[in-house]
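First residue of the sequence shown: 9, per the working numbering; consecutive thereafter.
Hints listed in this document are in silico derivations from the structure and should not be mistaken for laboratory results.
Listed below are the simulated BS3-like cross-link pairs for lysine-lysine, each with C-alpha atoms no more than 27 Å apart in a straight line: (1) Lys185 / Lys145; (2) Lys93 / Lys266; (3) Lys185 / Lys205; (4) Lys239 / Lys307; (5) Lys141 / Lys205; (6) Lys345 / Lys239; (7) Lys335 / Lys38; (8) Lys307 / Lys185; (9) Lys141 / Lys357; (10) Lys93 / Lys280; (11) Lys239 / Lys132; (12) Lys239 / Lys335; (13) Lys357 / Lys401; (14) Lys357 / Lys145.
Simulated restraints, written as ranges between beta carbons of each label pair: (15) Ser131 / Ser41: 46 to 54 Å; (16) Gly238 / Pro306: 16 to 24 Å; (17) Glu348 / Ser131: 24 to 32 Å; (18) Asp61 / Lys185: 33 to 41 Å.
Since the model is a prediction, treat every value here as computed from it, not as a measurement. Here a beta-carbon is modelled for each residue, glycine too, at the ideal position from N, C-alpha and C.
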Amino acid sequence: MMNRKIETSVFICVLIVAAAAYAQDLPTAKPESVGMSSERLERIGTAVQHSIDDKRIAGAVTLVARRGRVVWFKPQGMMDREAGKAIRADTMFRICSMTKPITSVAVMMLYEEGHFLLDDPISKYLPEFKNPKVLVKPASGDPYSIPATREITIRDLLRHTSGLTYHWNDSLGPRYKAANVAHGLLAYDGTVEDSVKRLAGVPLLFNPGDRWEYSLGVDVLGRLVEVVSGKPLDEFFRTRIFEPLGMKDTYFYPPESKLERLAAAYTYYAEKGLNRFPDTPITEGSFVYSADYPYRGPKKLFAGGAGLTSTATDYARFCQMMLDNGKVGNTRLLGRKSIELMTQDQLGKISSDQGFGLGFGVEGVKAPLSELGSPGEYNWGGFFYTAFSIDPKEQIIVIFMAQLHPTGDLSLDRQVNALAYQAIID
Numbered sequence: 009m010m011n012r013k014i015e016t017s018v019f020i021c022v023l024i025v026a027a028a029a030y031a032q033d034l035p036t037a038k039p040e041s042v043g044m045s046s047e048r049l050e051r052i053g054t055a056v057q058h059s060i061d062d063k064r065i066a067g068a069v070t071l072v073a074r075r076g077r078v079v080w081f082k083p084q085g086m087m088d089r090e091a092g093k094a095i096r097a098d099t100m101f102r103i104c105s106m107t108k109p110i111t112s113v114a115v116m117m118l119y120e121e122g123h124f125l126l127d128d129p130i131s132k133y134l135p136e137f138k139n140p141k142v143l144v145k146p147a148s149g150d151p152y153s154i155p156a157t158r159e160i161t162i163r164d165l166l167r168h169t170s171g172l173t174y175h176w177n178d179s180l181g182p183r184y185k186a187a188n189v190a191h192g193l194l195a196y197d198g199t200v201e202d203s204v205k206r207l208a209g210v211p212l213l214f215n216p217g218d219r220w221e222y223s224l225g226v227d228v229l230g231r232l233v234e235v236v237s238g239k240p241l242d243e244f245f246r247t248r249i250f251e252p253l254g255m256k257d258t259y260f261y262p263p264e265s266k267l268e269r270l271a272a273a274y275t276y277y278a279e280k281g282l283n284r285f286p287d288t289p290i291t292e293g294s295f296v297y298s299a300d301y302p303y304r305g306p307k308k309l310f311a312g313g314a315g316l317t318s319t320a321t322d323y324a325r326f327c328q329m330m331l332d333n334g335k336v337g338n339t340r341l342l343g344r345k346s347i348e349l350m351t352q353d354q355l356g357k358i359s360s361d362q363g364f365g366l367g368f369g370v371e372g373v374k375a376p377l378s379e380l381g382s383p384g385e386y387n388w389g390g391f392f393y394t395a396f397s398i399d400p401k402e403q404i405i406v407i408f409m410a411q412l413h414p415t416g417d418l419s420l421d422r423q424v425n426a427l428a429y430q431a432i433i434d
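Turn these sequences into a full structure, and let the hints guide you.
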């Protein structure tokens with residue numbers, strides 16, 4: 009037992025030193041100093057290693073912070089299995105839909121500056137969305153469209169009640185593809201302005217406000233940021249969010265000098281196992297996606313809903329800003345009241361089970377928690393198997409970064425989140 013305790017103490021010391029070196033200016037602390045168990049946090053590493061050994065993932069980076077201090081930060085496995093490259097603390101990942109919260113913050117920053125109200129119709133700023141129509145698919149005969157009962161608002165776009173959808177939708181996906189609408193996970197010869205204008209010409213799936221449907225609405229918000237600010241979305245992100253937060257490794261298109269740090273993407277199919285993502289795109293009906301979009305193609309599309317690459321530590325900075333009510337150091341990106349609004353359920357009776365704020369999923373507000381956590385914890389994930397959660401009650405941030413799609417129903421991301429909570433001992 010004594011040897012086990014010594015081994016644990018040595019491991020934690022090594023971990024804290026590594027965290028201090030690699031988390032750059034993110035403060036670190038011994039877990040016990042912020043009410044967490046060093047020994048229990050090791051269970052995260054054990055779970056991740058088990059998935060690596062079982063060849064379910066090639067590698068992952070996990071990070072846990074509490075009360076503003078990093079208490080667990082561990083890269084495990086390979087960032088490129090075929091090339092024999094071990095994953096690193098500064099490995100970059102395609103974060104896909106974890107771009108959405110960042111775009112939502114950009115929107116709220118402009119909202120705080122008085123440029124618009126959340127219930128303004130988006131057509132006030134993007135006139136191509138004036139007089140939207142809704143697709144009707146009769147039991148017999150050809151589909152047709154009718155005028156929507158109301159216009160799409162900025163709030164609808166933030167909470168996914170706009171009537172827009174994604175390319176994987178059976179009803180509208182083929183129309184999106186035919187109209188050359190981008191989704192951010194495939195090289196695209198055009199800008200977000202080009203794509204959004206094409207999107208506006210396709211009917212909606214339902215009347216705005218009727219229900220929740222995960223959608224390209226945040227790409228529309230990215231274009232709103234460009235129009236209102238007068239800056240390309242990548243420049244707005246860089247100057248107004250990334251530089252103030254110290255997010256030095258977050259880009260739509262990483263520079264050549266950093267591409268060697270981008271993790272390879274993998275697929276998992278039960279009958280084939282874990283394999284490197286193919287050189288050609290994968291086609292699933294009208295949804296076609298690739299893994300090479302960060303470094304191939306025209307690199308003109310700044311997809312507010314899917315396009316960023318980042319690191320665990322960069323995204324931890326973003327999460328800490330949210331947890332600190334919009335402030336980082338002496339710089340304030342958002343006010344406390346905006347953070348409150350963004351992280352409370354905005355769906356109400358629109359959805360009986362889905363809790364969603366303005367850019368974030370919200371747990372425990374419509375039904376009891378299904379796993380360890382706190383009511384009001386907010387979170388989201390990305391297409392290539394990345395995830396984060398922020399818990400204001402426990403002051404905890406959990407980040408999981410891998411690169412896998414399809415995942416074969418792997419639940420490691422949720423397991424890591426639960427294992428962070430079981431390590432609380434105060």
